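Undergrad: Make the full structure from the sequences, and use the hints.
If you count the sequence shown from 1, you need to add 2 to reach the working numbering.
Honestly, the hints are just simulated from the structure, not real lab data. Any given hint could be a false lead.
[Unchecked claim] Derived CB-CB ranges, DEER-like:
no.: 1; residue 1: R182; residue 2: G308; range: 43 to 53 Å
no.: 2; residue 1: V175; residue 2: V138; range: 17 to 27 Å
no.: 3; residue 1: A263; residue 2: E31; range: 17 to 27 Å
no.: 4; residue 1: A37; residue 2: I169; range: 41 to 51 Å
Given the structure is predicted, the values throughout are model-derived calculations rather than measurements. Glycine residues also receive a C-beta, built at the ideal position from the N, C-alpha and C atoms.
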Amino acid sequence: MKPIILTLLKASIAGVLIYFILQQVNFSEIKEIIAGADLAMLTKGIGCWLVLCLLGALRWQWLAHAAQVPLSYSRSLKLAFIGFFFNNVMFGSTGGDVMRAYLVTQNMTENRWRAVLSVIVDRVIGLFALLSIASVVLLSFESTSPDQFKAIPGLYTMRRLVVLFVIVFVCCVALYMSARARRALRIRELLSWLPGQGVISKIHQSLSLYRTQYPAAIKAYLISIPLQIAGISAFFFIAEAVGSSLALRDQAIIFPLVQTATAVPIAPAGWGIGEQLYGWFFVRFGDTLAIGVAASVLFRLITQIGFGLIGGLVWIASPDRRHK
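TA: Encoded structure:
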């Protein structure tokens with residue numbers, strides 16, 4: 003009963019956010035903007051998103067191999083598309099990751115935690131790379147155009163939060179990788195006070211593999227940079243297609259922040275949250291609310307619904323569905 007109530011609650015939140023957006027913009031205007039989208043720009047956006055998918059499958063394959071989980075590139079790519087499909091029926095833009103984790107462990111009799119953790123590490127490295135790009139762009143923007151930077155409401159606070167997150171994340175990873183630092187901080191003793199010691203032990207054992215396979219983690223991070231640039235470029239071209247005047251630099255700030263927020267499992271595929279945030283950011287960067295909402299809707303129709311339909315066809319034809 004509780005899962006049903008939680009599902010209804012999250013769907014209601016998405017509905018309220020979408021309703022709130024529609025009170026601020028004319029739905030007919032949004033449809034008109036999307037209908038007049040530039041096909042050449044849309045093609046570029048789709049191409050960039052396809053590059054993201056191809057690189058993402060390679061990144062996960064590397065991380066899975068580092069965790070001693072057998073995973074071919076073709077299967078990694080297939081599960082990535084199936085993940086797009088399940089993003090549309092599960093909550094948050096990470097809903098498909100749950101299905102990826104389930105399917106990759108389906109035929110495994112041991113070390114299943116390693117496979118699950120490879121999916122989590124894949125997502126974490128991706129988000130970290132995305133926010134790393136945002137932090138570099140924010141710092142560059144502030145140093146090269148300080149007056150313009152200060153003129154955008156809330157941007158200074160965002161820059162502080164993003165840069166702080168990146169620094170804290172790097173410090174936490176460095177501490178975890180260092181046995182000496184863990185002993186000095188008595189991490190093991192602190193963790194022993196937490197409930198669920200069995201789960202914590204499995205997570206620790208699985209993550210420990212990456213301490214000895216850190217070159218794979220570094221490779222995964224490095225490939226995440228062009229991967230995330232492809233994602234930012236995809237959104238930039240789709241926004242350009244609906245008439246956005248924002249520069250690539252602006253989208254390199256907006257896209258990472260919104261995508262990180264929509265990863266929180268509140269609404270199916272982040273619907274409602276993304277439209278609210280993209281509209282909010284577009285207005286502050288000098289564009290219109292209608293363009294921001296239209297760009298968000300079209301981006302999701304292409305990358306979530308469009309690629310999700312491809313993933314659905316892959317899922318229907320997949321032996322994984324019959325074994326489920």
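Undergrad: Run every hint past the structure and note whether it holds.
TA: Each hint tested on the structure:
no., hint, verdict
1, R182 / G308: 43 to 53 Å, "49 Å, holds"
2, V175 / V138: 17 to 27 Å, "18 Å, holds"
3, A263 / E31: 17 to 27 Å, "25 Å, holds"
4, A37 / I169: 41 to 51 Å, "44 Å, holds"
No hint from the list above goes unmet by this structure.
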